[in-house]
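Note that the protein sequences, when read in sequence, are chains A and B.
Residues are numbered in my numbering as their position in the first sequence, beginning at 1, plus a constant of 4.
Residues are numbered in my numbering as their position in the second sequence, beginning at 1, plus a constant of 4.
Don't read these hints as lab results, they were simulated from the structure.
Take the hints with a grain of salt, since some may be wrong.
Since the list can't tell identical chains apart, any single copy or any two copies may satisfy a pair.
[What the hints assert, rightly or not] Lysine to any residue pairs mimicking SDA-like chemistry, simulated, CA-CA at most 20 angstroms apart: (1) Lys320 - Leu173; (2) Lys320 - Gly269; (3) Lys320 - Leu150; (4) Lys476 - Leu117.
Every value quoted in this text rests on a predicted model; they were computed, and no experiment measured them.
Number of protein chains: 2
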Amino acid sequence: MKHSVEFQPDNITVTVDKGENLLVAAASAGVYIDAFCGGDGVCGKCKVHVEQGEVYSERGNLKQDDWDKGLRLACQSTIHSDLKITVPEKMTSSGKALKRKPKTTRTISARSLDTLIGTWEVDPPVTKLYLELEPPTLEDNVSDMLRVMRGFKNARPGEQEPSYDHPELIRELPTVLRESDWKITLLLLHGKGQNEPDRIIDVEPGDTTSRLYGLAVDIGTTTCSGVLIDLNSGQVISEASGYNAQIRYGEDVISRIIYAARGSGLRDLQERVVHTINAIIEDICKNMIISPADISYIMAAGNTVMSHLLLGLDPKYIREAPYVPSVSQFPLTKAAGLGIHAHPSVRLFLYPCIASYVGGDIVSGVHACQMAKSEKVSLFIDIGTNGEIVVGNGDWMVCAACSAGPAFEGGGIKYGMRASSGAIENFHIHPETYDPMIVTIGRIKPSGICGSGLISIVSELLEAKVIDQQGKFNRNLEHSRIRDGQDGWEYVLAWGQDSLIGEDIVITEVDLDNLMRAKGAMYAGYQTLLGSVGLSFDDLDRVIMAGNFGAFIDLERAICIGLLPDMDRDKFYYLGNASMLGCQISLTDVNRFRERVKVRQLITNLELSENPEFMTYYMASLFLPHTDMSLFPSVKDKLS
Amino acid sequence: MKHSVEFQPDNITVTVDKGENLLVAAASAGVYIDAFCGGDGVCGKCKVHVEQGEVYSERGNLKQDDWDKGLRLACQSTIHSDLKITVPEKMTSSGKALKRKPKTTRTISARSLDTLIGTWEVDPPVTKLYLELEPPTLEDNVSDMLRVMRGFKNARPGEQEPSYDHPELIRELPTVLRESDWKITLLLLHGKGQNEPDRIIDVEPGDTTSRLYGLAVDIGTTTCSGVLIDLNSGQVISEASGYNAQIRYGEDVISRIIYAARGSGLRDLQERVVHTINAIIEDICKNMIISPADISYIMAAGNTVMSHLLLGLDPKYIREAPYVPSVSQFPLTKAAGLGIHAHPSVRLFLYPCIASYVGGDIVSGVHACQMAKSEKVSLFIDIGTNGEIVVGNGDWMVCAACSAGPAFEGGGIKYGMRASSGAIENFHIHPETYDPMIVTIGRIKPSGICGSGLISIVSELLEAKVIDQQGKFNRNLEHSRIRDGQDGWEYVLAWGQDSLIGEDIVITEVDLDNLMRAKGAMYAGYQTLLGSVGLSFDDLDRVIMAGNFGAFIDLERAICIGLLPDMDRDKFYYLGNASMLGCQISLTDVNRFRERVKVRQLITNLELSENPEFMTYYMASLFLPHTDMSLFPSVKDKLS
């Protein structure tokens, strides 16, 4: 259920989900409200007047007096009706109310993804078939397996005879048949192609057709997640996630590769990720009536290093020029063979990778959004330590990886942190008082800055001219929050008294340099890749942002700092965890699954390291938003 | 090289291999020569006169006098030129030379099998492909496996991309490629069908195309044998065989099934047969330049119980009515997974079985002789403890197993033994003196009677009217060798002084009863099977005898006792170890190999146990040769 919230005097109306926090709604709408404590309710600054409608609110440290006047703390209020809100005028130090600049709504409403990802059928790669067989007699004493085949043919006349190759299945078949009184359920795996026969991967006693589950797994370098799908209905019935337990051996793929080269390193890493997947399976099944043995298929995707490590393949050559993975098309594997707690017959499918730094997660994402089925030219972006970019349509695709560095994941940023509780995720600066409005994840006191917060902060500082286009602080501004600190010039986002860590949380010029390098690498990547196929940004019909991080990026601000190209906003789509989405779609619809082969075959990799064009583009990108302002007309207008 | 040998006064000429023993040549030609000692040279009875030509001979205990006259001991002479031999006239006790009955040559010359088994190409299911790959560069850094695929496509344009699924192969690929300087040999396994892609099962450093070997294995209940074939030339390069080490757990399949039901029984049996195969591999490779790791494919056949035990499948239900095997089409298996000492990627193919007692050895044999490709109606026979029979042509086939009992393998016969050194394998009786001519395997003193000897003895005793058609001795003949012994009436084949075991070797009426049951079951089997499809013996175009035992059966004598139908002798073929032959053909020619699917699909099993028609036919067969003499016209003539 949705509600509209009108903010005055900015005269901005946004539509938000029922139950949304009012401070978060304001921040995402670009409405500035004083908020120093990140939403913890302690600073008592974010007072707003509820003119119409009602919020559920706690008084917190608000005076009874204010409460009775209809004032509420925005950070303590949740939206439960259409609202009209007035934000009190901010006073300057001289006590004069400031006239606000008129603002346009900066929130990009979630565009319908239907056209992008399409629909899919509930027609999974695994199916079940219940058979009641005639018991053998002296006149009819064919082998048990032949009897099963005959049952299959009777049930599905005209279809090819299924294959079977699991020794355990044959070994147990006679007992299963006799103990179940010749009433059994076949678990069948569809063939690779449409014309290939099914494969019997399990024979279960009795009628178990109502129990058919599949697991989609996204194997991230940092986080792994799993989604359990009822393959009879196509419904998601449970989800779980957790840190990739490999993390103890290093945060990024490079440190994992280095660890893999040690004595038992490769085995350790393989065991850790399997352990992580097992924990997810346990978590998912814990509160359900199903057991891990009920999972009939696993569809997984991960980057190239994660995929190699899961299969126990040495990732050594991925790190050494010319950066060659062992294999790009991973064979269908028995999950139990890897140590995963699943029925011995259950297969694990791992999305193929393209290159050492463009992995199965990208292929899965590109597959999910059907780029390979469209005439429209799309730019697919996954931003992270290793940013991946794919450009193309149903006729051709090129991809590249650019090493953006860890800034967006908190690395190289003085108070950088991952997107977890306490991280500043949204930020506004008052254009005249230079006071901050900060919103943290979990709405507690801030403890650091995550990637989306960083983009907010830098774009706001740039627009308010607190920093210039080179990422240097305006030394002429006299403000207590702008100062020459321990590591050079910096802006104080939160004073120690308002922060969770008890010290001032700042952003420094060094942080700004690192951010520029990260976003510059991405932008130079787009340019190089487009140039390689003779296109420019004007030729793009769509920009598709994948990845969990992508889902939280404020489009206008990302364009403002030069992380995303300055294009028609209607061309942008947020796909979220596209890798997981691809796995879910493939798990549910075998026809969609089979299309993936085309995706993998279409994509050609372009190596950016040591690419001279990339280096030229990169140097030109180390500016906010770019040295060539003609590339960013809307930002040029905004800054002038 | 062949030589002709003319025997006088019988006026019989035979053609034999150079180096053949003269006594053996005479015995197989049906020329009676006194020979009590089996060919050991001690009885000194088998004197013959060499009229023309020359033999290599030892004097043995022949008098110098006789030697100088040109007499030689037949058993001590080998044939090295065309010969004319005169056998001295046998004297009766009255001293009068006997007039011999004119005899016809009874030897069936080895009929050319070319029309039966056809020709085959050297185009094995596994091939090798040498590739010199371009090393990767930054501009071309596809995965190692994709580079291999590209090399394959360049070498074999237009062919489908091969598949791969062996994890170890992918794991080792990067190292193999780099250590071999990107020069590798692919070991490829052809797809099941003609339109299915090859599968890469190994990648070897350097050019190993000249080393491509396959192993054909016949897994017998008693004996296992292996033949190593150079798959580049199609030549057999080495053979070995040995007792199936399961034999310690019982001689026949039933006792093996019983043992399998014990605690670790099934595992023990599986390990023993694998041990046997490993010993054969070791034996074969011992004196060759190749190592077991050079074997690229294994093609095996065995009866249904042997096949189940090799794969570790419980044979329990094979023994219990309605006699159902677990599986008839065995999946392609990795040999190493069973414990066989082979390269981990090497596949073992096991011929499919038809029913619990008609196994892969029969399918392999039927496959070898191309019954499924001919319009001619053939009767395929494999005689043993479990006799298997197949009737049909390219349009239809029926099969049956009949439990003949162990008589042909020495079981239930007082002095029965397997066909090994010292076993009487050929026998003639003097029609008037009733003295024996015995030839043993290895030409040493006799120690027992093997299957082919038994058939010789019974047919000779019958023709000489020493026994009647009910298998009873003629009580009216007064002869020291025909007597009422410990176990009833018997004929003394060898006196204790002439035997290896120091006691009289006899054949008893109990033995004759057991033989009649064995041959009666076979004959009743032919009749029941033919009747089931509305045919009679007249409709048969060919009778094909498989099995090692079949190769040693004297056709006339086998017909004489009623083991084989009384038909035009030109319709009979001896195929020898047809099971091994099928494996060898399939190993060498993938197109022949692929035809096997049709063989398996064509054959329908008929269960003879508890079949009332079979029982009726069986009872009528318990006679020599049969109660219905119209079925045996040639024998009727001979006996009258």
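Numbers of the earlier hints that this structure fails to satisfy, in rising order
Violated hint (a single one): 4; every other hint is consistent with the structure.
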